[in-house]
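Undergrad: Sequence:
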Amino acid sequence: MQVIKPKQISGETALDRITRAWLSHDLDGLSDADKQLLDRISEADKQLQHGKLIRKNGKDFSRPMRVKELAEWLVERFKISLRQAYIDIETAKAFFLSTQSRNDKEFARGQMIQYGEEFMCEAAARGDFKAAAAFFKELRLLHGLDKVDVETPNLSQWEPATPVIVSDPSALGFEKIEHPDQLVQKLLKSLKQSPAEPSTIDHATN
Numbered sequence: 001m002q003v004i005k006p007k008q009i010s011g012e013t014a015l016d017r018i019t020r021a022w023l024s025h026d027l028d029g030l031s032d033a034d035k036q037l038l039d040r041i042s043e044a045d046k047q048l049q050h051g052k053l054i055r056k057n058g059k060d061f062s063r064p065m066r067v068k069e070l071a072e073w074l075v076e077r078f079k080i081s082l083r084q085a086y087i088d089i090e091t092a093k094a095f096f097l098s099t100q101s102r103n104d105k106e107f108a109r110g111q112m113i114q115y116g117e118e119f120m121c122e123a124a125a126r127g128d129f130k131a132a133a134a135f136f137k138e139l140r141l142l143h144g145l146d147k148v149d150v151e152t153p154n155l156s157q158w159e160p161a162t163p164v165i166v167s168d169p170s171a172l173g174f175e176k177i178e179h180p181d182q183l184v185q186k187l188l189k190s191l192k193q194s195p196a197e198p199s200t201i202d203h204a205t206n
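In this note's numbering, the protein residues as written are 1 to 206.
To be clear, the hints were calculated from the coordinates, so they are not data collected in a lab.
Just so you know, these numbers come straight off a predicted model, no measurement behind them.
All residues carry an ideal CB built from backbone N, CA and C; glycine is no exception.
Hints should not be assumed to be uniformly reliable.
Computed list of lysine to aspartate or glutamate pairs in EDC-like fashion (alpha-carbon distance at most 16 angstroms, straight line) [stated by the list, open to error]: (1) K52 with D28; (2) K5 with D26; (3) K137 with E151; (4) K46 with E117; (5) K130 with E117.
Computed beta-carbon distance windows for the label pairs [what the hints assert, rightly or not]: (6) A33 with A134: 48 to 58 angstroms; (7) Q193 with V166: 23 to 33 angstroms; (8) R55 with V75: 17 to 27 angstroms; (9) R109 with R66: 21 to 31 angstroms; (10) L53 with Y115: 38 to 48 angstroms; (11) L155 with L188: 13 to 23 angstroms; (12) K105 with W22: 35 to 45 angstroms; (13) V75 with W158: 47 to 57 angstroms; (14) F119 with S98: 52 to 62 angstroms; (15) K35 with E151: 52 to 62 angstroms; (16) E151 with R109: 18 to 28 angstroms; (17) L15 with E118: 52 to 62 angstroms; (18) V166 with F107: 52 to 62 angstroms; (19) W22 with L139: 24 to 34 angstroms.
Using the sequences plus the hints, can you model the full thing?
TA: Right, dumping it as structure tokens:
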């Protein structure tokens, strides 16, 4: 993995300055405004990671904190506007990379399929076919077997057809047109003719 160096961060946004200071181990050199932003996004990341503690039916458990809940928490905690709170949340995701890339998701999918198959087989071996069926259903979704496969063409191998231009369509197997100039004049005349003209109406009724 290539290590990012401070000098590679050339921007001058608040996030750029914080990133350079973070990589240089020089957070004390940040301005007060940047330090406050770093404090807010650090707290936002903690809340995203730890979730919200819920007490229900005499039991405590944590669930992922919703973005709206986190924004309201930041407003109350740091006395900032709701708009700034949402900006801080997105900044926290970008700085701490709390979101998953496609490769991360594919790796997690593979891990879940592997463990899910083991749990399904263990449940079936114990005679718990209801649990085995539940695992089977989830594995079907993880494998994507609930969706119809769509054949996507490989555009790297696509070769566009070379257009053939000829003056006589009969060379391509079409019917040969006699007196093409007269036919063109006839078509132009029919296009210029108004639909409300009697000749058109008579032609349509005959």
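Undergrad: Could you run down the list of hints and mark each one as holding or not?
TA: Here is what the structure says about each hint:
1. Taking the CA atoms of K52 and D28, the gap is about 31 angstroms. The hint is violated against a cut of 16 angstroms.
2. A distance of roughly 13 angstroms separates the Cα atoms of K5 and D26; the hinted pair therefore holds under the 16 angstroms criterion.
3. This hinted pair does not check out: K137 and E151 have alpha carbons roughly 25 angstroms apart, beyond 16 angstroms.
4. Taken as a hint, the K46 and E117 pair is broken in the structure, with Cα atoms around 33 angstroms apart against an allowance of 16 angstroms.
5. About 15 angstroms separates the Cα atoms of K130 and E117, which keeps this hinted pair within 16 angstroms; it holds.
6. One distance hint, 48 to 58 angstroms for the beta-carbon pair A33 and A134, holds here, with the actual separation near 52 angstroms.
7. Distance hint check for Q193 and V166: the Cβ-Cβ separation is about 31 angstroms, which falls inside the suggested range of 23 to 33 angstroms.
8. At about 23 angstroms, the beta-carbon gap between R55 and V75 stays in the expected band of 17 to 27 angstroms.
9. Remark: the range hint 21 to 31 angstroms for R109 to R66 is upheld by a beta-carbon distance near 24 angstroms.
10. Under the hint 38 to 48 angstroms, the C-beta atoms of L53 and Y115, about 27 angstroms apart, miss the expected range.
11. With their beta carbons about 41 angstroms apart, L155 and L188 fall outside the hinted range of 13 to 23 angstroms.
12. Roughly 26 angstroms separates the CB atoms of K105 and W22, a value that falls outside the hinted 35 to 45 angstroms.
13. In this structure, V75 and W158 meet the distance hint of 47 to 57 angstroms, their C-beta atoms being roughly 53 angstroms apart.
14. Between F119 and S98 the CB atoms are about 28 angstroms apart, so this pair departs from the stated range of 52 to 62 angstroms.
15. Hint check: K35 to E151, Cβ distance near 54 angstroms, so the stated range 52 to 62 angstroms holds.
16. The hint said 18 to 28 angstroms for the Cβ distance between E151 and R109, and at roughly 22 angstroms that hint holds.
17. The supplied range of 52 to 62 angstroms is broken by L15 and E118, whose beta-carbon atoms lie about 42 angstroms from each other.
18. Taken as a hint, the range 52 to 62 angstroms holds for the pair V166 and F107, whose Cβ atoms sit roughly 56 angstroms apart.
19. In this structure, W22 and L139 break the distance hint of 24 to 34 angstroms, their C-beta atoms being roughly 41 angstroms apart.
Checked against the numbered hints listed earlier, the structure breaks hints 1, 3, 4, 10, 11, 12, 14, 17 and 19; every other hint is satisfied.
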